[in-house]
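Enquirer: Join the two chains, each given in its own frame, into one complex according to the hints.
Residue strings, one per chain:
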Amino acid sequence: MKKRDTSKIVFYILVILLFAAGILSLLYRHHVDHQPWLPGETATVWNLEGKVEFDADQVSPQTIRLTLPSDQDGYKVLDQSTASSGYGLAYIIGTKGQPIAEWTKREASGRQTLYYKVRVAAVPDFKAEKEDSIPSVPRLTWNSSEAAAASAIHNSVYSISSNRESYVRELAAIFRKPAGADQNLQLLRSYYSDDALLFTRLVNQAEIPAHRVNGLFLEDARRNQSLVKFLKVYLEDGSTQYFDLSSFREGLPDNFIIWNDHSANSLDVFGGKNSRINFSMIRQRTQVADIFRPENKEMSLLSFSIYELPLAEQSIFRTMLLIPLGVLVVVILRILVGVRTSGTFMPVLLAMAFMETSLITGLLGFLLVVGTGLVIRSYLSRLNLLLVARISAVIITVICIITIFTVTSYKIGLTEGLKITYFPIIILSWTIERMSILWEEEGAKEVVIQGGSSLLVATLVFLVITNTVIRYLVFNFLGLQLIIMAVTLVLGSYTGYRLSELRRFSPLVEDDNL
Amino acid sequence: MRLASPAALKKRGIMGMNMRNGHYIGRYNNRKLYPLVDDKLKTKEIALKAGITVPDLIAVLSSNYELKRLEKNLEGHPGFAVKPAKGSGGKGILVITRREGELFFKPSGESLTIKDMRRHCSNIMAGLYSLGGKPDTVIVESLIQPDNVFEDYSYEGVPDIRVIIFKGFPVMAMMRLSTAESDGKANLHQGAVGVGLDIATGRALRAVQHGVPVELHPDTKVPLAQLEVPQWRTLLELASGCYEMTGLGYLGADMVLDRKRGPLLLELNARPGLAIQVANGRGLTEKLRKIEDLGEHSMSVSEKIDFCSRL
Chain A
1 MKKRDTSKIV
11 FYILVILLFA
21 AGILSLLYRH
31 HVDHQPWLPG
41 ETATVWNLEG
51 KVEFDADQVS
61 PQTIRLTLPS
71 DQDGYKVLDQ
81 STASSGYGLA
91 YIIGTKGQPI
101 AEWTKREASG
111 RQTLYYKVRV
121 AAVPDFKAEK
131 EDSIPSVPRL
141 TWNSSEAAAA
151 SAIHNSVYSI
161 SSNRESYVRE
171 LAAIFRKPAG
181 ADQNLQLLRS
191 YYSDDALLFT
201 RLVNQAEIPA
211 HRVNGLFLED
221 ARRNQSLVKF
231 LKVYLEDGST
241 QYFDLSSFRE
251 GLPDNFIIWN
261 DHSANSLDVF
271 GGKNSRINFS
281 MIRQRTQVAD
291 IFRPENKEMS
301 LLSFSIYELP
311 LAEQSIFRTM
321 LLIPLGVLVV
331 VILRILVGVR
341 TSGTFMPVLL
351 AMAFMETSLI
361 TGLLGFLLVV
371 GTGLVIRSYL
381 SRLNLLLVAR
391 ISAVIITVIC
401 IITIFTVTSY
411 KIGLTEGLKI
421 TYFPIIILSW
431 TIERMSILWE
441 EEGAKEVVIQ
451 GGSSLLVATL
461 VFLVITNTVI
471 RYLVFNFLGL
481 QLIIMAVTLV
491 LGSYTGYRLS
501 ELRRFSPLVE
511 DDNL
Chain B
1 MRLASPAALK
11 KRGIMGMNMR
21 NGHYIGRYNN
31 RKLYPLVDDK
41 LKTKEIALKA
51 GITVPDLIAV
61 LSSNYELKRL
71 EKNLEGHPGF
81 AVKPAKGSGG
91 KGILVITRRE
101 GELFFKPSGE
111 SLTIKDMRRH
121 CSNIMAGLYS
131 LGGKPDTVIV
141 ESLIQPDNVF
151 EDYSYEGVPD
161 IRVIIFKGFP
171 VMAMMRLSTA
181 ESDGKANLHQ
191 GAVGVGLDIA
201 TGRALRAVQH
211 GVPVELHPDT
221 KVPLAQLEVP
231 QWRTLLELAS
241 GCYEMTGLGY
251 LGADMVLDRK
261 RGPLLLELNA
271 RPGLAIQVAN
281 GRGLTEKLRK
291 IEDLGEHSMS
301 VSEKIDFCSR
311 L
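If you read the sequences in order, they're chains A and B. Heads up, the first sequence is in our numbering, so the first residue is 1 and it goes up one at a time. Heads up, the second sequence is in our numbering, so the first residue is 1 and it goes up one at a time.
Watch out, some of these pointers could steer you wrong.
[As the list claims (entries may be wrong)] Cβ-Cβ distance ranges computed for the label pairs, FRET-style: (1) A:LEU499 x B:GLY79: 43 to 49 angstroms; (2) B:ILE114 x A:LYS8: 28 to 34 angstroms; (3) B:HIS189 x A:VAL388: 28 to 34 angstroms; (4) A:LYS8 x B:ALA180: 44 to 50 angstroms; (5) A:ALA83 x B:ASP116: 54 to 60 angstroms; (6) A:LYS8 x B:GLY13: 21 to 27 angstroms; (7) B:GLY79 x A:GLY443: 44 to 50 angstroms.
Treat the hints as calculated values from the structure; they're not laboratory data. All C-beta atoms, glycine included, are put in the ideal place defined by N, C-alpha and C.
Only chain B is shown next, with the shape it has when bound in the complex (with noise of 0.2 angstroms):
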C-alpha cells in the first residue's frame, strides 16, 4: 500500500472529499437548488425549457395503481431505461435493449417478466434507490442510441461523457465506458473505465480503471487512445448550458451522444465524484482557482469555453 504525501497530492491540484464539500458544493451549490437535479423529471423540464436536449419521455408513474398501465406505456417501444427520478449513483436504473414476447432483455442478455418489471418499479415508488428512502416517482425514458464512434468503445452500456461544470466553465471531463465488470453500469467504482478527455478537443488524454491506467478496454480489447468524441463543442456548449439553467455554480453533468439527435443531457449532478482527476491525471483545484480568481466577468458559453481550452 503507498500513501502520497498530501504536499504532493496539494502540489498537483488533487481536490480530496473534505475540500469538495467544504470548499466548492457548500460555497458554490445552494441548497434550495438541489431539487432542480436530484429529481430527474424536474431536471428535463428545466432543461426542454432552456433548450437543452435530453432523451425522449415515454412514461411517468407515480403510483402504485398506475403500474396497471405499464405494459400499455411500453408498447410500441422495444428499447427503454426505467429511472427512479431521485435516485443517486446510477441506482435503480434498468435499461431494456430488446422485447420477445413477454420477455424483456437486458443487455446482459438477462431476461425480465413483465412482473419483475412491475416490482422493479414498485421498488422504485417506495423509495428504494431515492435519497433517503422517499417515495419516489419512475421515470421511462427512450432508449439512447450510441453514436456509431463509440460501437466498440464499450461493453453492453451507453457511455456517457461526465464534464464538471464550475460557474458555467467547463473544468474537466471524461468519457465512463461500462464494463462486463461494472454490469453495463458506468460507474468507476464498480469498475468501469474512465477516459479523460481534453477539454480543447475531446480527445482521449488517459484511460484508468480501478485507479490504475490501462491501455485497452478489457472487454472490446480497443485501444482507448485514440478515442475521440465527435460534436465536441456543441456537447460543452449544452453541458456549460446548466449553469445557468440550475444555478448550481459546481455540477457534474453527465451526457451522451445520440446517433440522431446529437449530444443529450442524461441528469445532473450536484455533488460530482472525485475519480474523473484520476481519469485525467490532473486535479481539479488548480483550474478551478483560476476561474475564482477571475472575479466578476461577463464571459459568454463560448469564451468560457475558449478559456478552459487553454487551461
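Excised from the complex, chain A in its bound form (with noise of 0.2 angstroms):
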C-alpha cells in the first residue's frame, strides 16, 4: 500500500512538473519573445518560384546567376530556397549590390532546370530600408540622322517640362500616342525595333539617370509568367520614379513587386543557351506578426517556433502538432463521454485528411468510399479468402474506387473530388473490413452508431485543428504540447463515470426511488 501511495505522488509530480514548465514556456514566449497571446491581423503573403530553363553546353563548364528579390517599399522578403539537383549553389552579391543566386556545375547535357522559391509578405505601410547609389548616366553616340530626331525630341519635351519627373513623364506621353503621330519618333523607332532600349536612351540624352529594372504583376495562381521592365529614374532630391516600359505610364502599379532593382542582368547563364525564366505564383495568408519575428536570434529551445525552420519542413511539423491535440479531444469522447469508434485514433487520422479535402468533401468522401467498400466486401466475404489476401484485395478496391470518382469528378468539372486521394488508405481499408465484420456480428445498427461515432468524432477533431486561434497557439507556443501531456495523463488516472455510464446504469439508481 505504501508503494502504491509513493508512485501516485511521484505521478502527481510529474504532471505538476509538466503542467508548470509548459506554462513556464507560455509565459516566457509572451514575455520575453513578446508572441501576442491571440492572433493578429492576417497579411498576404506571395510564394514565387521562379523556373530557370536553358540547354546545356556540353564543352564548357555552367554557370547561372540570377539576380534575386530583396525587401522593398511594401513587400518584404520571407524566406527563399532552390530546388536543383546536381548543382552547386551559393548566395553572393553582385558588382551592383544585387543578392544572385549563382549556380554552378561543371559538365551537364541537355535541357536544364533550375528552380528558386520565394516567399514575400505583401505589407503596405512597409518602408525598406535600401542603400541605392545613383548610376552614372552613359556616354551615348547617335548616328547623325538618329542624332537629329533625337534632339528634336529632347528639345520639344525640355520645353514642356520643369524637372526630371515631368522630363520623362512628357517624354512617355509621346511613346503612348498612336504609331506615326510623332515624325521624330517614327524615324527613331525605325532604327530602334525595342521601344524600352530607345525610350531609355532618349532618357538618358537628356542627362538623366536611369537604368532599366524588372518586376511581376502579382496574381494568384498564374504560371508561366514573364518579367516586365520599368525605367528606373534618379530624381532630382534622391528620390526615384518608375516608369512601365511597355505602356508608358508613370509609377508602380499595386500588385507589382520589382524583382531585380538594379542596372545587372536578371539572368545570366554561361554555358547553355536559350535561356529563359519564368514565374508562377500563388497567394496565402499569414499572420503579420510572423513576418516581423526578429531573424538573428539563436535557435534556443524556449523561443522557439516552428516558424523558424525551413518552409519543407514546416509543414510536416504543422501536421506533426496538431496530431497531439486530436489524440486530446479522442481521449475525453473516450474517458469523458464513451464515445465507441471503430478504431481508437481512426477520427484523428480522417480528420487530417479532411484537412486536405474540406469538411464537407470529406464527409461525402467518406461515407462513399466506405459504402461501396462494404458493398464490395460483403461479396468478397462469400469467396472464402484468407484474411490477409482479402484486406488486400479491400485496399486494391480502395484504391479503385478512389481512382474512379477522381476520374469521374474531373471529367464532369468538380475539382473537388480530386482530393479523396487524401484519405489514408490503408486505414480506410481496415475501416471498412472491422465495419463488414461488425456487420455480420452485431448487425447494421452497430455499424452506423461506430460509424457514425467516428465521423462525428472526426469533425470535433477538424473543427479542433483547423480553428485558426488553436493552430496559432499550437504552432507559436510549443509548451503547449506539455500542458496537452499533462492534461492527457491526468484523464489517464480519471476513475469516475462516463457520460454514456450515466444513462447505462441509470436504471440502477431508478429503483432507490421505488
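Expert: In C-alpha cells form, the structure reads like this:
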C-alpha cells in the first residue's frame, strides 16, 4: 500500500512539473519573445517560383546567375529556397550590390531546369531600408540622322517640362501616342525595334540617371509569367520614380513586385543557350506578427516556434504538432463521454485527411468510399478468402474506388473530387474490414453507431485543429504540448463515470426511488 | 433519455468503465498473466493442472494443412463447439448440436457443410476473431449437456454463469440466458437475459434484458425468479480457485453446469464487463472495497465464499 502511495505522489509531481514547465514556457514566449496570446492581423504572402531553363553547352562548365528580389517598399522577403539537383549553389552579392543565386556545374547536357522559390509578404506600409547609388549616365552615340531626331524630341520635351520627373513623363506621353503621330519618334523607331531601349536612351540623352529594372505582376495561381520591364529614374531630390516600359505609364502598379531593382542583368547563363525564365505564383495568408519576427535569434528551445524552420520542414511539423490535440479530443470523448468509435485513433487520421479535402467533401468522400467498400467486401466475404488476402483485396478495391471517383469528378469538372486521394487508404481498408465484421456479428445498427460516432469525432477533431486561434497557439507556443501531455496523464488516471454510463446505469438508480 | 447523477451512482457503488480499467484491472491484473486467460488453450492446460474441471477437448488445429483432418477429427461427435483460442466476447464461436449426413446443424437449425466448417476454421486461424488480428488456433470442444434444471430457461444456447472473482472472493454472479434475439449467444448487449444470482444461495435476484428488468424469459416464458443453480457451492469453489490458478486479481469466470460432469470452467476473462451490476441491481465497488479493506489475511477458499455470502 505504501509503495502505491509513493508512486501516486511521483505521478502527481510529474504532472505538476509538466504543467508548470508548459505554463512557464508559455509565459516566456509571451513576455520575453513578445509573442502575443492571440493571433493578430493577417497579411498576404506570395509564394513565387522562378523556373530557369536552358540547353547546356557540353564543352564548358555551367554558371547561372539569377538576380534575386530583396526587401522593397510594400514587400518583405521572408525566405527563399532552390531546387536544382547536381548543381552547386551560392548566394552572393553582385557588382551592383544585387543579391544573386549562383548555380554552378562542371558538366551538364541537354535541357536543364533550375528552380528558385521565394516567399514575399505584401505589407502596404512597409518601408525598406536600402542604399542605392545613383548610376552614372552612359555616354551615348547616335548616328547623324538619329541625332537630329533625338535632339528634336529632347528640345520639345525639355521646353514643356520643369524637372527630371516631368521630362520623363512628357517623353512617355509621346511614346503613348498612336504610331506615326510624331515624325521624329517614327524615324528613331525605324532604327530601334525595341521601344524600351529607345526610351531609355532618350532619357539618358537628357543627362537623367536611369536604368531598366524588372518585376512581376502578382496574381493568384498564375503560371508562365515573364518579367516586365520598368525604367527606374533618379530624381533631383534623391528619390526615384518608375515608368512602365511597355505602357509608358508613370509609377508602380499596386500588385507589382520589383524582382531586379539594379542595372544588372536578371539572368546570366554561361555555358548554355536558349535560356529563359518564367514564374508561377500562389497567394497565401499569414500572421503579420510572423513576418516581423526578429531573425538573428539563436534557436533556443524555449523561444522556438515552428516558423523558424525551413519551409518544407514546417509543413511536416505543422501536422505533427496538431496530432496531440486531435488525440486529446479522442481521449476526452473516450474517457469522459464514452463514445465508441471504429478504431481508436482512426478519427484523428480522418480529420487530418479532412484538412486537405475540406469537411463536407471529406465526409461525403468517406461515406462514398466506405459505403461502396462495404458492398464489395460483402461479396469478398463469400469467396472464402484468407484474411491477409482479403484485406489486400479491400485495399486494392479502395484504391480503385478512389481512382474512379477522382477520374469521374475530374471529367464532370468537380475539382473537389480530386482531393479524395488524401484519404489514408490502409486505414480506410481496415475500417471497411472491421465494419463489415461488425455488421455480420452485431448487425447494421452497431455499424451505424460506430461509423456515425467515428465521423462525429473526426468532425470535432477537424473543427479543433482547423481553428485559427488554436492553430496559432499550437504553432507559436510549443509549451502547449507539455500541457496537453499533463492533461492526458490526468485524464488517464480518472476513474469516475463516463457520460454514457450515467445513462447506462440509470435503471439502477431509479430502483432507489421505488 | 434519463441520466443518473454521478453522486447517486457513487452512492450505490456502481463501478464505471474508467474505475474498472484504472483502479481494478490496472492494479490487480498483471499484464504478464493475460496470455493465461486470453488463450483458451492455456487456460485449459492450467485448469487441468489445478484440478478445475473443463469441457473435453476434441481437437486443436493450428495450420490450414491440419484442416484436412477436420472431418476425421469430428467423427463420432454429433455435437461440438468450434472456438478461436484467443477470441473475445464470444466472437467466432460456432456451436453444432447435431449432424445429418454431410450437414452440420447450428442450434438455430441453420445447416453448414464441411466446406463452411473449414472456412470458419480458416477465418479463425487467420485471426479474424482474435485480439489484434493475430494468427490463432482453432479449438474443438465437446458439447456441454446443460443440466436439466435449465432446460426451459434458455433459448437454443447453453446458459452460463459469470462470476466476478476479486482476489479469490466470488463477489458477484449472474446467469446469462441466450434468447432468440441474441442468436444463441450469451452476450447481454446482443440481447441475452442476465439473471443476478445471490452469492449465498445461487437463487435468482432479478433479471434484465437490454438493461430493463424482465419477469419471464422472452422466448420460453418461464418465470425467471424461480431460477436456482444447483451445486452452487461447488461452482463457487471452482470459480474462486481461478485466482490461485492464474494470479489475476480481478477476473470474470464463465462457468457452465453439465448434466453429468457438474460445474465446468468455460473460459476466463481478465476484463469482465459491467453489465453484471445491472443484472444484480447492485454496484460492485462497495463489496470490492470491503475486500480491499481486509488487508493481509489467510482465508481459505471456503472462508472467502462465506465472507462474500454475508456481504
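Enquirer: Taking the hints in turn, state whether each one holds.
Expert: Now for the hints, and whether the structure bears them out:
About 44 angstroms separates the C-beta atoms of A:LEU499 and B:GLY79, a value consistent with the hinted range of 43 to 49 angstroms. About 57 angstroms separates the C-beta atoms of B:ILE114 and A:LYS8, a value inconsistent with the hinted range of 28 to 34 angstroms. At about 30 angstroms, the beta-carbon gap between B:HIS189 and A:VAL388 stays in the expected band of 28 to 34 angstroms. At roughly 49 angstroms, the beta carbons of A:LYS8 and B:ALA180 sit within the given window of 44 to 50 angstroms.
Checked against the given bound of 54 to 60 angstroms, the beta carbons of A:ALA83 and B:ASP116, roughly 59 angstroms apart, stay inside it. A beta carbon spacing of about 22 angstroms between A:LYS8 and B:GLY13 agrees with the range 21 to 27 angstroms that was offered as a hint. At about 27 angstroms, the CB distance of B:GLY79 to A:GLY443 disagrees with the hint of 44 to 50 angstroms.
Hint compliance for this structure: hints 2, 7 are not met, and every other hint is.
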